[in-house]
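Number of protein chains: 2
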Amino acid sequence: MAVYTDVSDDALEEFLRLYNVGQLLWCKGIAEGVENTNYILATDKGQFILTLYEARVDENDLPFFLGLMNHLAENGLETAKPIMQNNGLLFSQLCGKPAALIEFLDGMAIKAPSHQNLFQLGVASAQFHLKAKSFNIKRKNGLSLKDWRPLLKSCGGDIDKVAPDVDGGLQNFLSLELDFLEKNWPQELPNGVIHADLFPDNVFFMHGELSGIIDFYFACNEVYAYELAIVINAWCFEKNGELNLTKSRAFFKGYQSVRKLEQAELEAIPILCRGAAIRFLLTRLYDWINVPEDALVIPKKPDEYIRNLGFHQRIVDYKEYGIE
Amino acid sequence: MAVYTDVSDDALEEFLRLYNVGQLLWCKGIAEGVENTNYILATDKGQFILTLYEARVDENDLPFFLGLMNHLAENGLETAKPIMQNNGLLFSQLCGKPAALIEFLDGMAIKAPSHQNLFQLGVASAQFHLKAKSFNIKRKNGLSLKDWRPLLKSCGGDIDKVAPDVDGGLQNFLSLELDFLEKNWPQELPNGVIHADLFPDNVFFMHGELSGIIDFYFACNEVYAYELAIVINAWCFEKNGELNLTKSRAFFKGYQSVRKLEQAELEAIPILCRGAAIRFLLTRLYDWINVPEDALVIPKKPDEYIRNLGFHQRIVDYKEYGIE
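Chains A and B, in that order, are what the protein sequence lines are. In this text, residue positions in the first sequence follow my numbering: the first is 22, and each later residue adds one. In this text, residue positions in the second sequence follow my numbering: the first is 22, and each later residue adds one.
The set of hints was computed from the structure by calculation and includes no laboratory data. Treat each hint with caution, since some may be false.
Identical chains share a label here; the pair holds if one copy fits it or two copies do between them.
Said to hold, decoys possible - In silico DSSO-like links for lysine-lysine, alpha-carbon gap of 27 Å or less: (1) Lys321 - Lys340; (2) Lys102 - Lys152; (3) Lys49 - Lys260; (4) Lys49 - Lys132; (5) Lys322 - Lys49.
From just these sequences and the hints, can you work out the full model?
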């Protein structure tokens, strides 16, 4: 949960006057989003999400994030559309923070997705990639291969105790993995704008259908297949650490029903899965070690991704992910 | 803010099947309510608040609280109506907690109420008192005169440091005040069911009009004029500690436009204001001293009520509150 910034009635009404959205009826802080402050509000013209961007989102990236949301929504992707201010801007300052008003999206994140949901997510991911081709702003991935070793270093020298079960120690395990990834990371795969944070929290469903993708605040230019590797890690493992092959198969099938993967992409899936696992492992490790005393959000332990990484290391053929 | 209980999709959908409210579209935890967990949710039939009652609300009181809300809503008071389950109940268990589904109320709490808003609140308070006369369950006030000294005692012997500016020490100040109140507390005033927690957080306004009263979880049988004393304390003081006479005058005028106060009630207003001040002073003091380390809600310091209490002690005539 997270409401970091308290917005006064007056400030809110002044902000809403920048838009053609009618008169405020109510506004409630919602326990959603780790990085930002979110409110749900209603006017006589509809319901909206008001997002205030806290320190972790760089204001300079907002034209990319909000522009991308707008571009994809206008091109028919199921996503939340940012509302344009009367002066044409997609955000401005509210209570000293950059803030945007975003169309309210029906549906909700689900905790137990079905393989049908994974198929739908595959379709939507591929549509995201294709529709974003005509979006003309770029953003570097701030958490790519070259960032992982500095991130590991910034976690300090005492990380072994976070995961005492890892043979040889977590520090050693991760260093060796980074050696491998740096040596073998694929070059020159098809790339473009990806969401880069397609976790179950960020995908809404309604009546069993995917109703929208939210939270574009890690979107960046990256190889497309890396997005698929993130989804495998985030959606397709059982609690006991086993891959749910039915789900991963359905996901790839959905994706390829819209965009066919090239042979080089298919062959890169196992190493990209290792990369995606270590990327989330490292940020969780960092957050776990650096949790502030007054944290409103309790960080998640990195254990799940240590386990996923071990799984991907044992893969010898991409077909083991159920790719047909 | 407060979301204490995480409700799974499955548990929520099972709970909603107890009602005739249609199919779930979305559900979001909201940062509202200190005592309970609250969600806002939408179905294809409308929007609702889902409240899970945490430890601080006694389940045995729920038939009173929810029955009262239902009774007042059915009798035309602007308030949120609890939804009845298909079996006729107003609450049942969800995730091990008693839970109720309540009609969503448009409007929002305001931080800077006008004297017009105070007039409206006066009208609504009197309507509350009159319409509750036909409600046939009773509930004792759990925070009345006789409870205050034990509550003070439970704050421990080290309270002076909480308010170092109080002449003679806070402990002494409160003990002497309780001596006075116990000796002079009025008997036999008109009484019935009151809300007993009519703070700005619990009253919604929309387009400048009062749209509803919420949060009935302190409602009880008490003297009516005590409700007015609470409102004076909670709504009518400026930040600098001065009474805003325009507001208190408007409030009494609104109240008396619906229910005329008897002479004995008028004369009791100053001592009831002292009582209301010490009641909120003591619970805030208790919460301040006993804040748990993992608190999601930061308690408020009791300073404001120490100051209010001093103000009321200096009153010699009820007319000083602007009562005409």
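* What are the numbers of the hints that this structure violates, sorted from low to high? -> 1
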